[in-house]
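Sequences are here, hints too, so could you generate the full structure?
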Amino acid sequence: MAKSAQELAKERLARIEAAINLQEPDRVPLSGIGGDIIPAYAGITHHEYCYDYDKTRQALKKFHRDFPSDWSFAAGFTGVGVPPLTYAFADHPDVSAVFAMYGTVHDLLGDVCTRYPGREIGENCSPQFVGGTFMKPEEYDLLSEDPVGFIADKLLPRICKNLETPRKAMATWVRLGMEYGKISAFMQGVSEDMEELGYPSMPITMGMAPLDLIGDGFRDVTNVMLDIRRYPEKVKKACEALVEPILKVGLALKPLGVKLAFIPLHLNEYLSPKLYKEFYWPYLKEIILGLLKEGIKSPVFFEGRHDAHLDTILELPAGWGIAQFDKTDVRLAKKVLKGHTCIMGGIPISLIISGTPEKIDAYVKELLEEMKPGGGYILTANVSVAPKDTPIENMHALIKAVEKYG
Amino acid sequence: MQEELFNKIVDMDEEGSIKLAKEYLEGGGDPQKLLETCRNAMGVIGDKFEKGEYFLSELILGGEIFSSIMEFTLPHIKGESEKLGKIVLGTVKDDIHNIGKDIFKAFVEAAGFEVIDIGVDVPVEEFVKQVQEHKPDIIGMSCLITAGISSMKKTVEAIKAAGITDAKIIIGGGRVDEEVRQLTGADAWADDAAKGVRLCKELVGVKE
Chain A
1190 MAKSAQELAK
1200 ERLARIEAAI
1210 NLQEPDRVPL
1220 SGIGGDIIPA
1230 YAGITHHEYC
1240 YDYDKTRQAL
1250 KKFHRDFPSD
1260 WSFAAGFTGV
1270 GVPPLTYAFA
1280 DHPDVSAVFA
1290 MYGTVHDLLG
1300 DVCTRYPGRE
1310 IGENCSPQFV
1320 GGTFMKPEEY
1330 DLLSEDPVGF
1340 IADKLLPRIC
1350 KNLETPRKAM
1360 ATWVRLGMEY
1370 GKISAFMQGV
1380 SEDMEELGYP
1390 SMPITMGMAP
1400 LDLIGDGFRD
1410 VTNVMLDIRR
1420 YPEKVKKACE
1430 ALVEPILKVG
1440 LALKPLGVKL
1450 AFIPLHLNEY
1460 LSPKLYKEFY
1470 WPYLKEIILG
1480 LLKEGIKSPV
1490 FFEGRHDAHL
1500 DTILELPAGW
1510 GIAQFDKTDV
1520 RLAKKVLKGH
1530 TCIMGGIPIS
1540 LIISGTPEKI
1550 DAYVKELLEE
1560 MKPGGGYILT
1570 ANVSVAPKDT
1580 PIENMHALIK
1590 AVEKYG
Chain B
891 MQEELFNKIV
901 DMDEEGSIKL
911 AKEYLEGGGD
921 PQKLLETCRN
931 AMGVIGDKFE
941 KGEYFLSELI
951 LGGEIFSSIM
961 EFTLPHIKGE
971 SEKLGKIVLG
981 TVKDDIHNIG
991 KDIFKAFVEA
1001 AGFEVIDIGV
1011 DVPVEEFVKQ
1021 VQEHKPDIIG
1031 MSCLITAGIS
1041 SMKKTVEAIK
1051 AAGITDAKII
1061 IGGGRVDEEV
1071 RQLTGADAWA
1081 DDAAKGVRLC
1091 KELVGVKE
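One line per chain: the protein sequences are A and B, in this order. Numbering-wise, the first sequence is residues 1190 to 1595 according to the numbering used here. Numbering-wise, the second sequence is residues 891 to 1098 according to the numbering used here.
Derived from the structure by calculation, the hints contain no laboratory data. Heads up, some of the hints might be wrong.
Pairs of lysine-lysine residues, derived as DSSO-like cross-links and limited to a Cα-Cα distance of at most 30 Å, are as follows [as the list claims (entries may be wrong)]: (1) A:K1466 / B:K938; (2) A:K1425 / B:K938; (3) A:K1463 / B:K1019; (4) B:K1043 / A:K1463; (5) B:K898 / A:K1527; (6) A:K1524 / B:K1097; (7) A:K1516 / B:K968; (8) A:K1244 / B:K1044; (9) B:K1085 / A:K1516; (10) B:K1043 / A:K1548; (11) B:K1058 / A:K1325; (12) B:K1091 / A:K1516; (13) B:K1043 / A:K1577; (14) A:K1251 / B:K1044; (15) A:K1516 / B:K1044; (16) B:K909 / A:K1426; (17) B:K1050 / A:K1577; (18) B:K941 / B:K1044; (19) B:K938 / A:K1474; (20) B:K1097 / A:K1548; (21) A:K1474 / A:K1516; (22) B:K1019 / B:K1085; (23) A:K1466 / B:K1097; (24) A:K1466 / B:K898; (25) A:K1425 / B:K898; (26) A:K1423 / A:K1448; (27) B:K1058 / A:K1516; (28) A:K1199 / A:K1426; (29) B:K1043 / A:K1523; (30) B:K1043 / A:K1589; (31) A:K1250 / A:K1486; (32) A:K1523 / B:K1097; (33) A:K1548 / B:K1050; (34) B:K941 / A:K1466; (35) A:K1371 / A:K1437; (36) A:K1350 / A:K1325; (37) B:K1058 / A:K1577; (38) B:K1019 / A:K1548.
Spelled out as structure tokens, the structure:
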């Protein structure tokens, strides 16, 4: 007899929790791959996937029904946003976490740091983050003295056309508040659909590494790489000052029972071990530990090659969260982190895009022979964004292979 | 002086190297020699990156130092210096990211290639048109997001369908690997700028 949705969700949750807690689950959990394939599979444009709540909800449901996994984590991200936005509200936990990354929000803000399909780019393009330079190097002191005030009063009006003046901002905030009614109904609807399909409910909040917030949100990546040489002390002070608002926003959803905080990293692979330990890791560590103290574990996405910094992860207490790797070989990571950190990743997305079902089967078999023993592993792609023309049979092949060899 | 400047650039001394290069030129130094020294330093920065001694931050700063020095050096150089080859370079359709393309461009120019940068989100037909117009030795395609992979494939196909077979095609970016190279039909792939420059030299038959 088929399992009920409730039983299925319970089983899946137990599988993921066992992995996070460094135990061996009944089967290696699979965290689903999402991305551009979701709207494509539903036959809607990417514009609709960013602007039409009903169609987006239907697309998510269809995708999760036909491509089952243990965790719908990756599919939760349908857009890109304005990184500093939420931190302007750090002192207002009741509203700091309401800002969805969606096309409607992009339109209301009029931000210049993202590009949305059917707006600045073609209607079937994925929304993309471009960033920009919104802060001058002379302003580091202002940022350090009052990070939340600086973001709210100086940065947001520069990033968002519709927040340019206090008068424009009044209308924009009211409109965003009204839109939130729709966004919240949409999110509630998606979570009901997921429940119906037997996915465990695992609400998640967000965190950021301070240097990433400065690089992606304020100064632009190239500039921040030059800043750490030109004004090292000022950059460090600013990173330190940003820890508190980042933690406040991360913890705002704690009363609602959120137990996970996703922290996607960006500039980690840009830095030598010396620079990483000076400008990046101490502040990121403070954030991971600050969340952990409140019972929130962090899935951290270590973008790019994290090989040179792997050992720093051991400074965290065992079972601190999840390390998702991109270009770092999970087998190498396991050698360093076994018994200490739950590892996630392992499947190159290029294999799903370019490979065949036979190749995928063989790859998963070989990978799991090494990664399964001892537990503490969640299988997924290195980057969980499958493009719109990803072969469907490859998506199925991955799911089957995990069932077979996990 | 040349050795001191070379070391300052390789050691990432931005202020010191720019100051030294300026003094050298103002004192009647040979701009061509200065250019050579800077190019050699960029080559070593690339080598160090490939060996894992340097990271992206050093590539970015190295590129910045190089372009700062070139700004006041190039106007003193008369006539065109000989190029290793010509590259038409762009980020493919549906992808608007430029950082990878720009880092590669800085290093491949420093290595002695002429680069025609055709921008980001370049439509397939536009890529073909630019290649037909400039007749490059190498066609460089960049992408960051996974959606770019299919654009690369379509662009490579269109270039071949247009009868352009003498230019070599190299694809680059964070999501590119051997699997993607095979899918797209490109001649070479690189997921970092230093490797990309090395492969471009190989593609035009330059011996190290």
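Outcome of the hint check:
Straight-line distance between C-alpha atoms of A:K1466 and B:K938 comes to about 20 Å, which keeps the hinted pair within the 30 Å bound. Simply put, A:K1425 and B:K938 have alpha-carbon atoms about 26 Å apart, close enough for the 30 Å limit, and the pair holds. With a CA separation close to 46 Å, the supplied pair A:K1463 and B:K1019 exceeds the 30 Å bound. At roughly 39 Å between alpha-carbon atoms, B:K1043 and A:K1463 are farther apart than 30 Å, so this suggested pair is violated.
With a C-alpha separation of about 42 Å, the suggested pairing of B:K898 with A:K1527 is violated against the 30 Å cut-off. Proposed proximity of A:K1524 and B:K1097 is contradicted: the alpha carbons are some 39 Å apart, above 30 Å. For the suggested pair A:K1516 and B:K968, the alpha carbons sit about 45 Å apart, so the restraint of at most 30 Å is broken. Straight-line distance between C-alpha atoms of A:K1244 and B:K1044 comes to about 29 Å, which keeps the hinted pair within the 30 Å bound.
The suggested pairing of B:K1085 with A:K1516 holds, with an alpha-carbon distance near 16 Å, which does not exceed 30 Å. Taken as a hint, the B:K1043 and A:K1548 pair is honoured in the structure, with Cα atoms around 20 Å apart against an allowance of 30 Å. A C-alpha spacing of about 42 Å is found between B:K1058 and A:K1325, which places the hinted pair above 30 Å, so the restraint is violated. For the proposed pair B:K1091 and A:K1516, the alpha carbon gap of about 26 Å is at most 30 Å, so the pair holds.
Note on B:K1043 and A:K1577: the hinted pairing holds, with a Cα-Cα distance of about 14 Å set against a maximum of 30 Å. As the CA atoms of A:K1251 and B:K1044 are separated by approximately 28 Å, the hinted pair is consistent with the 30 Å bound. Restraint check for A:K1516 and B:K1044: the C-alpha separation of about 25 Å stays at or below 30 Å, so the hint holds. Distance check on the hinted pair: B:K909 and A:K1426 sit about 29 Å apart at the alpha-carbon level, within 30 Å; holds.
Restraint check for B:K1050 and A:K1577: satisfied, since their Cα atoms lie roughly 24 Å apart, inside the 30 Å limit. Our distance criterion of 30 Å between C-alpha atoms is broken by B:K941 and B:K1044, whose separation comes to about 34 Å. Of the supplied pair hints, the one linking B:K938 and A:K1474 holds, its CA atoms being roughly 29 Å apart against a limit of 30 Å. Between B:K1097 and A:K1548, the direct Cα distance comes to roughly 37 Å. Violation of the 30 Å bound is thereby established for this hinted pair.
Simply put, A:K1474 and A:K1516 have alpha-carbon atoms about 21 Å apart, close enough for the 30 Å limit, and the pair holds. For the given pair, B:K1019 sits about 27 Å from B:K1085 by alpha-carbon distance, which is consistent with the 30 Å threshold. Between A:K1466 and B:K1097, the direct Cα distance comes to roughly 39 Å. Violation of the 30 Å bound is thereby established for this hinted pair. The hinted pair formed by A:K1466 and B:K898 meets the criterion: a straight-line CA distance of about 24 Å does not exceed 30 Å.
The suggested pairing of A:K1425 with B:K898 holds, with an alpha-carbon distance near 25 Å, which does not exceed 30 Å. Distance hint between A:K1423 and A:K1448 is unfulfilled; the C-alpha atoms sit about 33 Å from each other, more than 30 Å. Annotation: proposed proximity of B:K1058 to A:K1516 holds, straight-line Cα distance about 27 Å (limit 30 Å). In summary, the hint linking A:K1199 to A:K1426 is not supported, as the alpha carbons are separated by about 45 Å, beyond the 30 Å threshold.
Taking the CA atoms of B:K1043 and A:K1523, the gap is about 34 Å. The hint is violated against a cut of 30 Å. With a C-alpha separation of about 28 Å, the suggested pairing of B:K1043 with A:K1589 holds against the 30 Å cut-off. A threshold of 30 Å between alpha carbons decides the hint, and for A:K1250 with A:K1486 the separation of about 27 Å falls inside it, so the pair holds. Between A:K1523 and B:K1097 the alpha-carbon distance is near 40 Å, which puts this suggested pair outside the 30 Å criterion.
The hinted pair formed by A:K1548 and B:K1050 meets the criterion: a straight-line CA distance of about 28 Å does not exceed 30 Å. Restraint check for B:K941 and A:K1466: the C-alpha separation of about 20 Å stays at or below 30 Å, so the hint holds. Distance restraint check for A:K1371 and A:K1437: the Cα-Cα separation of roughly 25 Å lies within the 30 Å cut-off, and the hinted pair is therefore satisfied. In summary, the hint linking A:K1350 to A:K1325 is supported, as the alpha carbons are separated by about 19 Å, within the 30 Å threshold.
Note on B:K1058 and A:K1577: the hinted pairing holds, with a Cα-Cα distance of about 28 Å set against a maximum of 30 Å. Using a Cα cut-off of 30 Å, the hinted pair B:K1019 and A:K1548 is violated, with the two alpha carbons roughly 37 Å apart.
Consistency with the previously given hints fails for numbers 3, 4, 5, 6, 7, 11, 18, 20, 23, 26, 28, 29, 32 and 38, ordered from lowest to highest.
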